[in-house]
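Novice: Line order of the protein sequences matches chains H and R. Quick note, the first sequence lines up with residues 93 to 265 if you use the working numbering. Quick note, the second sequence lines up with residues 93 to 265 if you use the working numbering.
Treat the hints as calculated values from the structure; they're not laboratory data. Just so it is clear, the structure is predicted and the values come from calculations on it, not from any experiment. Just so you know, nobody snuck in bad clues.
Keeping only pairs whose Cα atoms sit at most 25 Å apart, straight-line, the calculated DSS-like set for lysine-lysine is: (1) R:K168 to R:K252; (2) R:K234 to H:K234; (3) H:K234 to H:K173; (4) H:K161 to H:K252; (5) H:K173 to R:K228; (6) H:K228 to R:K173; (7) R:K117 to R:K161; (8) R:K234 to H:K173.
There are 2 protein chains.
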Amino acid sequence: MARIAIDMDGVMADTTQQFIDYYAKKYGVEVNRETLNGQPEASGFPHDKEIIRSFLFEPGFFRTKVVIKDSQEIIKALCEKHEVFIVSAAIEFPTSLNEKLEWLEEHYPFISWQNIVFCGSKTIVQADYMIDDHVKNLQHFKGEAIMFTAPHNINVTGYKRVDTWQEVGALLL
Amino acid sequence: MARIAIDMDGVMADTTQQFIDYYAKKYGVEVNRETLNGQPEASGFPHDKEIIRSFLFEPGFFRTKVVIKDSQEIIKALCEKHEVFIVSAAIEFPTSLNEKLEWLEEHYPFISWQNIVFCGSKTIVQADYMIDDHVKNLQHFKGEAIMFTAPHNINVTGYKRVDTWQEVGALLL
Chain H
93 MARIAIDMDG VMADTTQQFI DYYAKKYGVE VNRETLNGQP EASGFPHDKE IIRSFLFEPG
153 FFRTKVVIKD SQEIIKALCE KHEVFIVSAA IEFPTSLNEK LEWLEEHYPF ISWQNIVFCG
213 SKTIVQADYM IDDHVKNLQH FKGEAIMFTA PHNINVTGYK RVDTWQEVGA LLL
Chain R
93 MARIAIDMDG VMADTTQQFI DYYAKKYGVE VNRETLNGQP EASGFPHDKE IIRSFLFEPG
153 FFRTKVVIKD SQEIIKALCE KHEVFIVSAA IEFPTSLNEK LEWLEEHYPF ISWQNIVFCG
213 SKTIVQADYM IDDHVKNLQH FKGEAIMFTA PHNINVTGYK RVDTWQEVGA LLL
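So that you can see chain H by itself, here it is in the shape it has in the complex:
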């Protein structure tokens, strides 16, 4: 049994799609997901990054994200075999805290409150595996870091990479 720390945004929740959807709703332009490849998160839209990042502070942003394909089934199976912690850098966005709890309860009801961590820096997390889409979270991790592919990290090298939850399952189940 291993301890696995799983990030929420960009790993369980499709944050990129939420940015695209919010942008389309506000500015009437549907940005093609591929055009975001290799751009820093929230960049690559016709408007500045600061405008896109402001969506993060709007009520509902974290509550209504789409679940990333196969994450529910694979995480449920991981919970049966391993010790799974959901580790989200949520403290930066106070309005996100309750939205994230409700979102987890809706989509991953099998995850206990005991296994949820909302933090700032993830350097304090001790686990065997960390699945995350951000270098800043993975780079100080002492266990095995697994980068979950997102448009903003697509050109990052030096990490074991997974593109889908099926690949996570193949690796850890």
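Using the hints, position chain R against chain H.
Specialist: Frame of chain H, contents of chain R only:
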């Protein structure tokens, strides 16, 4: 420089006093703090533990706690010398999350959001020292566990114990 994980309830915030004050306000009886010594947390009141624990779910309970003496000055000094993380098992009480953030911002404005952790189980926390009032949090900790004295833990043995923040300062500054 060491990494120090500091609990909130019973260590920074006087949870015992808040139980006593809420009880007095509701039932008109001021329970003497000493009569709670050696009783499990929320026990020792004329009413059942479940009644006392229900206070934890009332809006305002976590927002209005009294700060434990000298904790502000000593934690500020610790932050200048060490890497300090505030680690609170807050996820069990969803209404507490924003109250705890606001309470920290009011009383410890020098603590960055990056150094705040709201979790369930604290087994995932990696640090050199953990200051906590609960055996359940300290017992699996791999660093040096420091028990902060509270009425409910007064008879617990087997841990390095501090009674005051001045003692924490003497130990870690």
